[in-house]
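With these hints in hand, go ahead and build the complete structure from the sequences.
Sequences listed follow chains Y and R, in order.
The first sequence begins at 1 in our numbering and counts up by one.
The second sequence begins at 1 in our numbering and counts up by one.
Derived by calculation from the structure, the hints in this document are not laboratory data.
Please read these numbers as outputs of a predicted model, since none were measured by experiment.
Virtual Cβ for every residue (Gly too), placed ideally from N, Cα, C.
Be a bit skeptical, because a hint or two may be false.
[As the list claims (entries may be wrong)] Mimicking DSS-like on lysine-lysine, the simulated pairs with C-alpha atoms at most 30 Å apart in a straight line are: (1) Y:Lys252 / R:Lys2; (2) R:Lys250 / Y:Lys2; (3) R:Lys192 / R:Lys158; (4) Y:Lys130 / R:Lys5; (5) R:Lys53 / Y:Lys53; (6) R:Lys17 / R:Lys387; (7) Y:Lys135 / R:Lys135; (8) R:Lys83 / Y:Lys2; (9) Y:Lys20 / R:Lys250; (10) R:Lys27 / Y:Lys252; (11) Y:Lys20 / Y:Lys43; (12) Y:Lys2 / R:Lys152; (13) R:Lys135 / Y:Lys162; (14) Y:Lys250 / Y:Lys193; (15) R:Lys142 / R:Lys192; (16) R:Lys20 / Y:Lys250; (17) R:Lys162 / Y:Lys162.
[What the hints assert, rightly or not] Residues from chain R shown here face chain Y by an in silico Cβ test under 8 Å; the list is partial: (18) Met10; (19) Arg226; (20) Arg265; (21) Leu266.
Number of protein chains: 2
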Amino acid sequence: MKFSKKIEQMDHSPIRKFYKYAADAEKKGKKIYYLNIGQPDIKTPRIFFDAIKNFNNDVLEYMPSQGIPELIEAMRRYYERHKIYYDSEDIIITHGGSEALTFTMLCITNDGDEIIVPEPFYSNYSIFIKSTGGKIVPLTTKAEDGFHFAKKEDIERKITRKTRAILLTNPGNPTGTVLTRAEMRMIADIAKKHDLFIISDEVYREFVYDDSPMTSFGELPDVTDRVILIDSVSKRFSACGARIGAVVTKNKELQDHILKLCQGRLSCPTIEQAGAAALYTLPDNYFDEVKIEYQQRRDVVYDYLSQIEGVVCRKPSGAFYLTAKLPVEDAEKFLIFMLTSFDDIGETMMFAPVEGFYETSGLGRDEIRIAYVLNVKDLTRAMELLKLGLEKYLALTTA
Amino acid sequence: MKFSKKIEQMDHSPIRKFYKYAADAEKKGKKIYYLNIGQPDIKTPRIFFDAIKNFNNDVLEYMPSQGIPELIEAMRRYYERHKIYYDSEDIIITHGGSEALTFTMLCITNDGDEIIVPEPFYSNYSIFIKSTGGKIVPLTTKAEDGFHFAKKEDIERKITRKTRAILLTNPGNPTGTVLTRAEMRMIADIAKKHDLFIISDEVYREFVYDDSPMTSFGELPDVTDRVILIDSVSKRFSACGARIGAVVTKNKELQDHILKLCQGRLSCPTIEQAGAAALYTLPDNYFDEVKIEYQQRRDVVYDYLSQIEGVVCRKPSGAFYLTAKLPVEDAEKFLIFMLTSFDDIGETMMFAPVEGFYETSGLGRDEIRIAYVLNVKDLTRAMELLKLGLEKYLALTTA
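See below:
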């Protein structure tokens, strides 16, 4: 039997590949503070569980392939409140943002077609793009610049006749960087000039701090036919396990193609859609408290990192991630050290090494991503452990 | 902006494309008996809803990418009771059988690689295979032969150096045909000789009538490394809306590749997995009553069809479908007639035209699939409507 070239060339998720070390450490009784994945500890709103408990059909049936009307309508209204105007048929419900991205790629890329992605990027983009035959053309950004990437010449230099789209996360994962409206305007102009799609992953839309403005690509009126919004309830409502996302576009041809794929897999989970529909009826002030909480956490992480000599990072404005350069050669080795050879009164912490978030080989080896998904007390302790661990690691490796 | 060639070449699901006619008919107050899709009316066991109501975590978290341990273990035991022996790591939970098939295809096919599929086949196979770059090589079967396809020379004639697998549904959809153990042995031998995977979609495993034996490809000891079982709770427990399936294989390399894709999409829905785990704890005698019900329904459908002059079909042994050849030129036109121009005291019925279940152009135009998913009373009325409608249609078209 033979396997496909594309799957053989793909790696395992860099976020999850260190779990075996974590599992071993836990077996030995070590307590681990997990800052490695974007699994928030924020309580999922009760309205979700109430909706599920109230589900009382006798038969758990397939739902319409594009999603249940209640959820689509609730999302339409949510966008409307954000001055992002979509019609019901523009919103197609998917198995998380993941399926939204996979379906988008299947619709727009032939084998070898190129997608421009600022790096470091959410590492699973690599799986969605490569498994469907596409090629990532990375646009490298740097910790020193706060990971800003919107430079016209740099982007245009990457465009070839095989380029199909620019894919970006805004607010950024793993960087926390938020695009300004002027940067978005420039990207929109490039997309128009070169006839590209803009795939804007905005699953962290609400998580923008210091009263920074957040613009959606859905707000720019002259590119509505080329904008593809990727969305999800996972982070917004701390409902990662629901696996409910959406692909949102005014491009009728794309809608039609995506619907073929949706029909192929029949429908998204019925009960989780009912729960998600309830979530989208929450008033916008639901986010006020959540935002304050995340902003405090960001400050804890940033303040700690700023105190450590040799660490390079800028204060990010959004999402719940911060990527920092550490004074180590290889953050993966440092992580394995943290899990296998370090503890402070039986405790350690876990971050995500960022090398796997770069397409360009060799970049990001000294960078780590902190997901600030624990409460301030636990987060403070986790950052203290990072500092202590780093001191020990440096003492050992530079001895 | 450009779209991929593969998506442009794909059609919409033939099962769902007639919905607009049905929706119009309902708007005009017509009652429709739906025998067009495999959405059973059997009640989903209460144990599913109880498990969901008892879910009481505060945070709806991501679960392990390969599925929750409770569900995997419950499935392992279920297989064991069927004398199908798998280890926990051989069972990977997916978003329905659909994702199990898509992931399998992504792992085994390069662009242009071939999958041999007996036709007529479950039409969404076409979407899973073509969207991932593969090519369907159909093995044509006939109503007159009860859609049996396991002829050694016919299968071997289809094998080229690009063939990667034989994909089959057993019991069959849309045919209801069940493979004999001897036929399976022969297919296994061919797969060994030509080094192919056997992808066996066994989601209808329990639905076998007249005490016919049902063998799983998982029972054949000498092909465990090349057998890929596709499974799902949808039909087995009348829980289509859960979207919980699995890909089951002892091939370690394939497991590893599929896990990459699973990690990419993070996890399957948490709550529906909890419900599915409960379903798999049901005792096997749960199916006794369900089987009796389906067997009665099959007899109603078969008896009705046998009485209509010019209809060709054999009594199927499994699943809950029957494919029959009607004395019409184009079953799609006949279906549109049934929805737009026919009623008997305000009622009509809907079937699935089978042309879209064939890869070979022009075949199956006069065939329909009946999904016997309504209770005997409604089913009888639906079949009566089919008979009446056909009489009127023939009177009009042959006048």
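Hint check, failures only
none
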